Amino acid sequence: MSPSLYYPVTTTFKNEVEYLENDENPLMGCYASLCPNLPILENSASSSWILPFPDHETETIRDHKKVKRSTVTIPIWFANFSSHSNSFFNSINSSNSVSSIPRLHFRDHIRTYKQRYFAAEAVEEAAEESFNYNNCEAEEDGSCADGMRLVQLLIACAEAVACRDKSHASVLLSELKSNALVFGSSFQRVASCFVQGLIERLTLIQPIGNNSVGLDGKSMMNIMDAASEEMEEAFKLVYEICPHIQFGHFVANSIILEAFEGESFVHVVDLGVSLGLPHGHQWRGLIQSLANRSGSQRVLRRLRITAVGLCIARIQVIGEELSIYAKNLGIHLEFSIVEKNLENLKPEDIKVNEKEVLVVNSILQLHCVVKESRGALNSVLQMIHGLSPKVLVMVEQDSGHNGPFFLGRFMESLHYYSAIFDSLDAMLPKYDTKRAKMEQFYFAEEIKNIVSCEGPLRMERHEKVDQWRRRMSRAGFQGSPIKMVVQAKQWLLKNKVCDGYIVVEEKGCLVLGWKSKPIVAVSCWKC
Numbered sequence: 001m002s003p004s005l006y007y008p009v010t011t012t013f014k015n016e017v018e019y020l021e022n023d024e025n026p027l028m029g030c031y032a033s034l035c036p037n038l039p040i041l042e043n044s045a046s047s048s049w050i051l052p053f054p055d056h057e058t059e060t061i062r063d064h065k066k067v068k069r070s071t072v073t074i075p076i077w078f079a080n081f082s083s084h085s086n087s088f089f090n091s092i093n094s095s096n097s098v099s100s101i102p103r104l105h106f107r108d109h110i111r112t113y114k115q116r117y118f119a120a121e122a123v124e125e126a127a128e129e130s131f132n133y134n135n136c137e138a139e140e141d142g143s144c145a146d147g148m149r150l151v152q153l154l155i156a157c158a159e160a161v162a163c164r165d166k167s168h169a170s171v172l173l174s175e176l177k178s179n180a181l182v183f184g185s186s187f188q189r190v191a192s193c194f195v196q197g198l199i200e201r202l203t204l205i206q207p208i209g210n211n212s213v214g215l216d217g218k219s220m221m222n223i224m225d226a227a228s229e230e231m232e233e234a235f236k237l238v239y240e241i242c243p244h245i246q247f248g249h250f251v252a253n254s255i256i257l258e259a260f261e262g263e264s265f266v267h268v269v270d271l272g273v274s275l276g277l278p279h280g281h282q283w284r285g286l287i288q289s290l291a292n293r294s295g296s297q298r299v300l301r302r303l304r305i306t307a308v309g310l311c312i313a314r315i316q317v318i319g320e321e322l323s324i325y326a327k328n329l330g331i332h333l334e335f336s337i338v339e340k341n342l343e344n345l346k347p348e349d350i351k352v353n354e355k356e357v358l359v360v361n362s363i364l365q366l367h368c369v370v371k372e373s374r375g376a377l378n379s380v381l382q383m384i385h386g387l388s389p390k391v392l393v394m395v396e397q398d399s400g401h402n403g404p405f406f407l408g409r410f411m412e413s414l415h416y417y418s419a420i421f422d423s424l425d426a427m428l429p430k431y432d433t434k435r436a437k438m439e440q441f442y443f444a445e446e447i448k449n450i451v452s453c454e455g456p457l458r459m460e461r462h463e464k465v466d467q468w469r470r471r472m473s474r475a476g477f478q479g480s481p482i483k484m485v486v487q488a489k490q491w492l493l494k495n496k497v498c499d500g501y502i503v504v505e506e507k508g509c510l511v512l513g514w515k516s517k518p519i520v521a522v523s524c525w526k527c
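By full-length UniProt numbering, the letter at position 229 of the sequence shown is numbered 229, and the numbering carries on one by one without gaps.
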């Protein structure tokens with residue numbers, strides 16, 4: 001059986017990070033000034049904490065579990081953070097009643113998130129290998145201490161920004177900019193992107209109660225709708241070099257082919273047309289597979305593709321190229337466009353014929369519809385459900401970047417993108433310009449959207465598979481298990497994907513991860 005991507009771990013620290021835990025830390029003063037009556041958590045030698053969650057997140061926490069504790073030597077400067085390790089914080093004595101748990105306030109949230117960052121999943125292989133902690137003591141350049149200092153600065157700056165302490169945040173940002181190097185280590189590079197996000201968030205800070213920031217009125221489906229030429233070029237490189245999207249295309253097409261087996265009239269509704277990638281790579285692969293079918297399987301008479309998106313000129317080019325490609329392979333293709341974003345899409349916008357089999361395809365799209373309220377996403381899912389597709393195939397980033405607290409989102413995304421930048425380290429040389437373009441023009445834009453934006457402008461609202469499972473269930477969908485782990489692993493070998501990427505099946509979904517960190521998940525749903 002394939003090893004799980006998730007390692008819930010508990011760790012007893014022998015050393016404390018005094019800079020962050022000291023009550024005399026000036027960073028904590030901002031909380032006292034904002035909320036002078038809030039209690040201060042006492043330092044404890046115990047490695048158990050009560051982790052606060054908002055009401056809508058408590059459903060993700062099940063019965064408290066006792067976890068075997070272990071004492072290990074780990075790099076405390078960058079302990080991997082993941083909400084899959086929530087069991088660490090669930091090791092609360094079962095005799096404690098709910099009523100005995102103290103009410104936690106904003107200051108407590110800040111401190112527990114900070115403790116969670118340094119403690120959770122500390123023994124994951126990704127953390128140890130990304131910084132090579134075992135060898136750093138022998139290095140004379142002090143890179144280990146520099147790395148610890150950098151992560152301390154990042155968290156301290158995020159706290160200052162969360163407190164709206166512009167003066168202190170500006171001082172920290174000045175030091176961060178001199179240490180977070182675009183061509184440095186993987187963590188220095190990812191830190192440079194988060195520094196950009198913090199700078200932008202700091203410039204958008206308004207007095208409490210002023211909500212006039214940020215809306216330009218432009219309707220978008222995703223951040224690629226307003227992409228610069230540099231970002232579009234970077235996204236093409238991400239598609240070619242990183243396996244994330246290609247993996248999603250491969251699994252999605254395999255599911256669609258199975259749904260189309262033995263059918264004469266088939267129809268695909270593509271939400272977002274894979275973020276506008278040129279040439280329609282996913283559908284070229286599907287058309288090729290349909291053309292390769294022989295004998296009784298070759299009964300296809302017509303393939304329809306309905307593309308939903310706002311960049312009409314780009315989508316039209318894709319449609320023309322696909323039509324020529326399909327014609328050369330003997331496939332009758334009808335390509336149509338619906339110029340709407342997902343929130344405004346209506347069932348009548350999609351023309352469905354009675355005899356055809358319908359499939360809905362969503363590649364990195366639905367997370368953009370997730371808002372503070374559930375209404376927008378529920379409306380889209382109900383619209384899709386009303387079309388009665390045979391299957392809905394969904395590919396999404398498997399990480400929790402939509403939490404209600406800024407600091408929690410900051411740390412989750414720091415862990416997630418650190419894994420991605422670590423994978424780029426393994427795939428490309430240090431000074432490769434392609435890597436710099438991907439990091440600074442694509443992934444940095446995602447990071448900045450998560451860190452600096454709020455409200456409708458925050459579109460990168462990635463969520464974990466378990467949260468999607470609950471959302472889909474409420475909309476009337478049932479999960480359809482994907483049983484193709486072997487084929488997915490063969491795909492990795494065939495495409496010579498970098499060692500370190502693994503595929504596992506998690507509760508019926510296929511998850512592609514870098515070492516122990518989930519990156520993207522593919523799921524299949526039926527009405």
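FYI, nobody ran anything at the bench for these hints, they're computed from the structure.
There could be a bad hint or two in this list.
25 Å max Cα-Cα, derived SDA-like pairs, lysine to any residue [to be verified]:
#, residue 1, residue 2
1, Lys434, Gly455
2, Lys371, Leu153
3, Lys434, Phe265
4, Lys448, Leu153
5, Lys340, Cys527
6, Lys166, Arg458
7, Lys236, Ser379
8, Lys526, Gly479
9, Lys371, Lys437
10, Lys327, Leu237
11, Lys327, Lys434
12, Lys390, Arg435
13, Lys340, Val299
14, Lys236, His279
15, Lys355, Lys371
16, Lys236, Ser388
17, Lys483, Tyr501
18, Lys346, Phe405
19, Lys437, Gly184
Simulated DEER-style distance windows between Cβ atoms [unchecked claim]:
#, residue 1, residue 2, range
20, Pro347, Arg470, 21 to 29 Å
21, Val182, Gly262, 34 to 42 Å
22, Ile205, Glu230, 35 to 43 Å
23, Glu229, Gln316, 42 to 50 Å
24, Pro456, Lys496, 39 to 47 Å
25, Cys527, Lys166, 47 to 55 Å
26, Ala291, Lys489, 20 to 28 Å
27, Val171, Gly455, 40 to 48 Å
As the structure is a computational prediction, the values presented were derived from the model and not from experiment.
We put the CB at the ideal spot given by N, CA and C, even for glycine.
Here's how the hints hold up against the structure:
1. Lys434 with Gly455: violated, 32 Å
2. Lys371 with Leu153: Violated - the C-alpha atoms of Leu153 and Lys371 are around 30 Å apart, more than 25 Å.
3. Lys434 with Phe265: violated, 42 Å
4. Lys448 with Leu153: Holds, because 18 Å separates the two Cα atoms, which is no more than 25 Å.
5. Lys340 with Cys527: Holds, at about 24 Å.
6. Lys166 with Arg458: holds, 22 Å
7. Lys236 with Ser379: Distance ~31 Å between Lys236 and Ser379 Cα, so the pair is violated.
8. Lys526 with Gly479: Satisfied, since the Cα-Cα distance of roughly 6 Å is no more than 25 Å.
9. Lys371 with Lys437: violated, 30 Å
10. Lys327 with Leu237: Answer violated: Lys327 to Leu237 is near 28 Å, above 25 Å.
11. Lys327 with Lys434: Measuring from Cα to Cα gives roughly 35 Å; hence the hint is violated.
12. Lys390 with Arg435: violated, 39 Å
13. Lys340 with Val299: violated, 33 Å
14. Lys236 with His279: Holds, at roughly 11 Å.
15. Lys355 with Lys371: Violated - the C-alpha atoms of Lys371 and Lys355 are around 36 Å apart, more than 25 Å.
16. Lys236 with Ser388: Status violated; Cα separation ~33 Å.
17. Lys483 with Tyr501: Cα-Cα ~19 Å, so holds.
18. Lys346 with Phe405: Outside the cut-off at roughly 33 Å; violated.
19. Lys437 with Gly184: holds, 14 Å
20. Pro347 with Arg470: 21 to 29 Å: At 24 Å between Cβs, range holds.
21. Val182 with Gly262: 34 to 42 Å: violated, 53 Å
22. Ile205 with Glu230: 35 to 43 Å: violated, 27 Å
23. Glu229 with Gln316: 42 to 50 Å: With a Cβ separation near 19 Å, Glu229 and Gln316 fall outside 42 to 50 Å, so the hint is violated.
24. Pro456 with Lys496: 39 to 47 Å: holds, 41 Å
25. Cys527 with Lys166: 47 to 55 Å: holds, 51 Å
26. Ala291 with Lys489: 20 to 28 Å: holds, 26 Å
27. Val171 with Gly455: 40 to 48 Å: violated, 28 Å
Comparing the model with each numbered hint stated earlier shows that hints 1, 2, 3, 7, 9, 10, 11, 12, 13, 15, 16, 18, 21, 22, 23 and 27 do not hold.
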